[in-house]
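Position chain G relative to chain E; hints supplied.
Same order as they appear, the protein sequences are chains E and G. Sequential numbering from 1 applies to the first sequence in my numbering. Sequential numbering from 1001 applies to the second sequence in my numbering.
I should point out that these hints are in silico values taken from the structure, not numbers from a laboratory. Heads up, some of the hints might be wrong.
Derived pair list, reagent style DMTMM-like, types lysine to aspartate or glutamate, alpha-carbon separation capped at 25 Å [to be verified]:
#1 G:Lys1322 x G:Glu1171
#2 E:Lys24 x G:Glu1389
#3 E:Lys31 x G:Glu1171
#4 E:Lys24 x G:Glu1349
#5 E:Lys33 x E:Asp2
#6 G:Lys1331 x E:Asp2
#7 E:Lys33 x G:Asp1332
#8 E:Lys20 x G:Asp1342
#9 E:Lys48 x G:Glu1349
#10 G:Lys1331 x E:Glu39
#11 E:Lys30 x E:Glu4
#12 G:Lys1365 x G:Glu1389
A quick note: this is a predicted structure, and the numbers were derived from the prediction, not measured.
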Amino acid sequence: MDKEEVKKAIYDMIEASMGKKKLKPSDVMKKLKADHGVERGDGKAALKDLMDAGTLVYSYKGGSYVELPPK
Amino acid sequence: MAKKYDTPMLDELKKGAFPSFITEIEKATETADYAKDLLGLLERSFNEKKTHWKHGGIVGVRGYGGGVIGRYSDIPDEFPGVAHFHTVRVNQPSGFFYTSDALREICDIWEKYGSGLTNMHGSTGDLVLLGTNTESLEPIFAELSSRGWDLGGSGSAMRTPSCCVGQARCEWANIDTMAITNEITQHYQDEMHRPMFPYKFKFKVAGCACDCIASIARADMSIIGTWKGDIQIDQKEVANYAKGGMDIQAEIIDMCPTQCMGYDGKAISINNEHCNRCMHCIAKMTKALKPGKERGATILLGSKAPIVTGALLSWVIVPFMKMEPPFEELKDLIDRIWEWWDEHGKNRERVGELIERLGFPTFLKGVDLEPHPAMVTEPRRDPFFFWSEEDIEK
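One chain only, chain E, in its complex shape (with noise of 0.2 Å):
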């Protein structure tokens, strides 16, 4: 997978786990692997980059959490 297409996985990975479960960073990370075999450092970066662009945020709740921003 390129890095738009991490990216893009990711993105819908947190959007379909909204309301539903939270997912931690790492959480997502292990995932990209189960699913698509993308190396952790890949998903950092795609990750990284959402993040930067604000098209996904952090949020805090007794640990730190991978969400959509709120509306």
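Coordinates of chain G only, in the frame set by chain E:
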């Protein structure tokens, strides 16, 4: 200035000989409206014996997952000035050294965008700025970063590393604590600003076993300066201490935890093989005793305060490691530990708790460390690794 709220309970806290945080908050009401409602909210909490703060949520600066701790009042209509009262953590310089200009710069920014209140430093070490609203976060970050400051860590991330003053101010420092702290901070920027761990991870670097920053109790990884070889003795200075009235037998020899020292009324002798490098004698007789010439650090892992489970102290995982820039051996060990913790850790499980859950032998194998008799959980306890079937067959 007239008070916005009657605060009889808070007023009690202004009495007495010690500085009062209430007095300081009242002073801040002259420059920031936040402080007026903060006093009202505090009085209310004291009366009702319950907090009116909520924390967490989605709050921060773009791209960063840490550095801002979201703080909200649960009665914002009654105290609108503190509807948002977020905490901003600023990465402190290693060893907490500032120029007065740097402090003025921080305070000016904080009075412009925040409450003007700080309780520097937080227990992790960051310079802690107390109280601002969500809209001010990006401007604060922009101003801070344009002047070379950065936010510290929060959430499930590497927390801002901190250290004692080390070789900058202390002759006992066996390692350059400030250089190590700076290197960890710079090298692991992503790990600090972009939470990727099961939970928090703290580093504290102490120059010697006196451990002035209490790294053994307050850091997931404690890096404590030590030495190899014999303690250096200047017998002429020993005689001077005796001449000056020091009871060397009672204050030094009898206080040695391993009883490895002797004094014949003229000279001190040390059985260095039995010395556990506690620093007691060196700290008491600074002019007469110095650490051995080969310096390095003991690496310990696992301490934490009681949050999810009880408190732990760090325990030795590497008895001696040379500490020379660029600290590759240390960084390699850190990477291996994080990888193992990330793989096996549950949500909100500190690395020390994970080791307790899975066992020390599993940890040692997971991070490729050899067992060593110095790996004790607590004084006078056997090392808690066990022999596997294959070890017995060997």
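Against which earlier hints does the structure fall short, listed by number upward?
2, 3, 6
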